[in-house]
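Peer 1: Line by line, the protein sequences give chains A and B. What the first sequence shows, in the working numbering, is residues 1 to 432, in sequence order. What the second sequence shows, in the working numbering, is residues 1 to 321, in sequence order.
Since the hints were derived computationally from the structure, they do not count as laboratory data. One thing to keep in mind: the hints can contain errors.
Distance ranges between label pairs, derived from CB positions [stated by the list, open to error]: (1) A:43 <-> B:171: 30 to 40 Å; (2) A:241 <-> B:120: 51 to 61 Å; (3) A:409 <-> B:172: 13 to 23 Å; (4) A:118 <-> B:74: 42 to 52 Å; (5) B:83 <-> A:414: 39 to 49 Å; (6) B:171 <-> A:414: 49 to 59 Å; (7) A:256 <-> B:137: 21 to 31 Å; (8) B:36 <-> A:66: 48 to 58 Å; (9) B:79 <-> A:308: 51 to 61 Å; (10) A:72 <-> B:29: 54 to 64 Å; (11) B:239 <-> A:256: 42 to 52 Å; (12) A:43 <-> B:120: 49 to 59 Å.
Far from chain A, by Cβ distances over 10 Å, these chain B residues were calculated [unchecked claim]: (13) 22; (14) 39; (15) 70; (16) 111; (17) 118; (18) 127; (19) 148; (20) 164; (21) 185; (22) 189; (23) 211; (24) 228; (25) 270; (26) 281; (27) 286.
Glycine included, each C-beta is placed from N, C-alpha and C at the ideal position.
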Amino acid sequence: MKARIFAAVALAAALSVVVSTASGGNKSAGKASASSITVWLMSDAQAGWPAAVANATNQFQSQHPGVDVNVQYQSWDSVLQKFDASIAAGDTPDVIELGNSQTAKYMAAGAFQAIQPKNYPNSSTWLAGLKQSCTYGGKTYCVPYYAGARAVIYRKDLYRSVGFRSPPKTYAKFLAVNSKLMKKYGKNSNFSAFYEPGQNWYVAMSFVADYGGQIATNKGGKWKGTLNSPQGIQALTAFKSMVLKFSRASKTNDEAHPFPSIPFAKSRAASFIGNGWEWPYVFNPKGGAAPASFAKKMGAYPMPSHIKGRFLPTFLGGSDVGIPSQSHNKSLAADWIKAYTGTASETLIAKAGNVPNTTKLLGVNAKIPALAPFAKAANYSWFVPIAANWVNVENANILKTMCTTILTNRKSVAKATADASASITKILNAKS
Amino acid sequence: MSSRSPAAAASVAAPYAQRRRPVGRRLRRALAPYGLLLPASAVIAAVLAYPLYYLVRLSFQHYGLFQLVRHKGVAIGTANYAQIFHDSLFWHTLVRTVAVTAVCVVLTVVLATLIALLLVELSSWVRLLLTAGLIFVWATPVVVAISIWSWMIDFEFGVANWTLTKLGVGNFNHHDWFANPWSGWGVIISLIVWGAIPFVAITLFAGLTQVSSELLEAAAIDGASRWRAFRDITLPLLKPIYVIVISLSIIWDFQVFNQIWLITNGTPSPDYYMMAVYSYVTSFKISEYGLGSAIAVVMVAIMGLISVFYVRQMVKLGDVE
């Protein structure tokens, strides 16, 4: 009898393990073979600049006839788990795009093949910020792909209706126009003068940078979360008061749920902070499906800083593409990357609203009036702490959770920042 | 559950055994049940025992991304366990998991019992309608169901807020169900219980149809109230079924993952952690696979204890019959 009980217990226990762990193993990397390569790009490319991807593949295939390029689009939410799973299975893609705040952990772990920059197009003029995110221990592990700066995308007609013929140049004016908008249109409880999803931590951290604060500092190799510094608390207090006054976006969702372009296209928002590519996304069927005539009402401006004459520092976000060290088609992968990050594709990527990977092409955006404000906004920027474990802070949702607890008044700014700083200290100092 | 051992099987064959058979044949006969168990055991060993072994091994290693790339962990003894047992987040999560499981199981069983009792009383076509509804809920894939729920309670465009406002319950325009963990858990628990009721209700209904109406009639004639009749006749008769559904519900609800993960867009704050979510975040989000495994092993151990109780009950029930 005993034996049977034990057998049954073992069975039930084993079942529970399988159920609780099976959800993670999601692999979809292609089989290694010389007749095809597998490329993982973020879905932004699919929505925003498919022509650049097609151009790269055409160029690659004229060089390697008969080699298929299997482009698989990934979502930011799950790409790293999938990549980890593919590493565990020894079946990684041949090319992968990672965000510039995600690369450090993977370079440090040896997940990327080192490359020779001089073999890649425009490497002497790569954007410094992106190049840095591809460098670890003196070696280069990936190729800069594109960057993005955020600016305020707004409704010119609504601003005009409250007496603002040009966008605000100071933070005081920014507050003034939004107050007037809320007064005039705020009776409609769906209306936001400035639509800021509560978990859009990039904006919250822009305030921190603007007030001279930092997410974390490094002293003698030891990291310390510093959002609870006086500057951090002051910045997030200002952020909280601004958001609670002007935004009726959810405090528990981020800027992808829903994309702010959707309420904006539906006239529920007079403005929001977005990347350059979010301007055309307003007209995308998935991004708001605004009619073409809507473009006449739209404008953009760099968000003003509380310091006169400056802009609110913008997160210098971006992406890199690299070759996983376990890829079996490294030289083919390198050729595809060369095609995708070369001048022709990068010009298309820039025209879609992004900052291209080389300073040679910065002029492309400056000539497009809608995109010029984004290029201007990039004059003041900030970046996440350069720590191998940084991406774990993002993945554990430390900053999103902090923003939510502050904006929903569940904790004071001081308490929420102290808690977040403690978590950040712990994660950044964890040995890898 | 029958307790027929090979020896008992042999005794059934006793009349034939008088003519003593060759040893090889007897041996074959005695081994036959084990032979029959072999294929299933092999499958279980391959798909369950090995992963379990691997999980336990991983829980005694430092296994981060660096180790993942090299496919080789570093043995660190019980350090992972020491770390989680000193982590207040772990204890909060454990207590929350137990509490949420208890609430879900109680709600599921009580509501399912009421529905099962209702099913007995209904006219046949209404019963058919209700059963069909239950089956539809049951048949809906969990991911689809969660997507539908998150659309319904969507902050910006959801129909739930719109309906509640129109019904005059209050101003639910832009009501954020997850701003407050209590209301957030209310949604998640409703979602779990909603999905769990059909199986339990239909199983209990099947049990109720086996309760002899003569017994209930006799009780009614003796002046017993309906509640009394339910408590003293129906409930004891259904006990075996309750043992099964409650045990299974505990096992299912204890390891809830999808409902929480998907309805929070994969970004649950620690207020929404259950053990499975905590283990997943630690393993797959922070790449601390060893630590995540240790959490999973603790989960397995707790489930193992619950299963002991479950199996004991099953064996007891089997012995009575």
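Peer 1: What hint numbers does the structure not satisfy?
Peer 2: 4, 5, 6, 15, 25, 26, 27
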